[in-house]
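Numbering-wise, the numbering used here comes out as the position in the sequence shown, counting from 1, plus 1151.
Keep in mind the hints are simulated off the structure, nothing from the lab.
We put the CB at the ideal spot given by N, CA and C, even for glycine.
Warning: the hint list may mix true and false statements.
Pair by pair, the computed Cβ-Cβ distance ranges are [what the hints assert, rightly or not]:
1. Glu1171 - Gly1191: 50 to 56 Å
2. Gly1159 - Ser1187: 18 to 24 Å
3. Leu1168 - Asn1190: 40 to 46 Å
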Amino acid sequence: MFLGIDCGTQGTKVLVLDTESSTVLGEGSASHSLISDHNGRREQ
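Start from the sequences, fold in the hints, and give me the full structure.
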């Protein structure tokens, strides 16, 4: 079994793969929000 995770600046994607049968068992993604404060600082 293989779990791939791609965490980028705009979102995170995941993939679960059965390596014996080369079958994708699951996949998903979620976007990241941009958090800003009153000082102009930002984080993702």
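Here's how the hints hold up against the structure:
Against the hinted window of 50 to 56 Å, the Cβ-Cβ separation of Glu1171 and Gly1191 comes to about 51 Å, which satisfies the hint. At roughly 19 Å, the beta-carbon separation of Gly1159 and Ser1187 lies within the given 18 to 24 Å, and the hint holds. Against the hinted window of 40 to 46 Å, the Cβ-Cβ separation of Leu1168 and Asn1190 comes to about 43 Å, which satisfies the hint.
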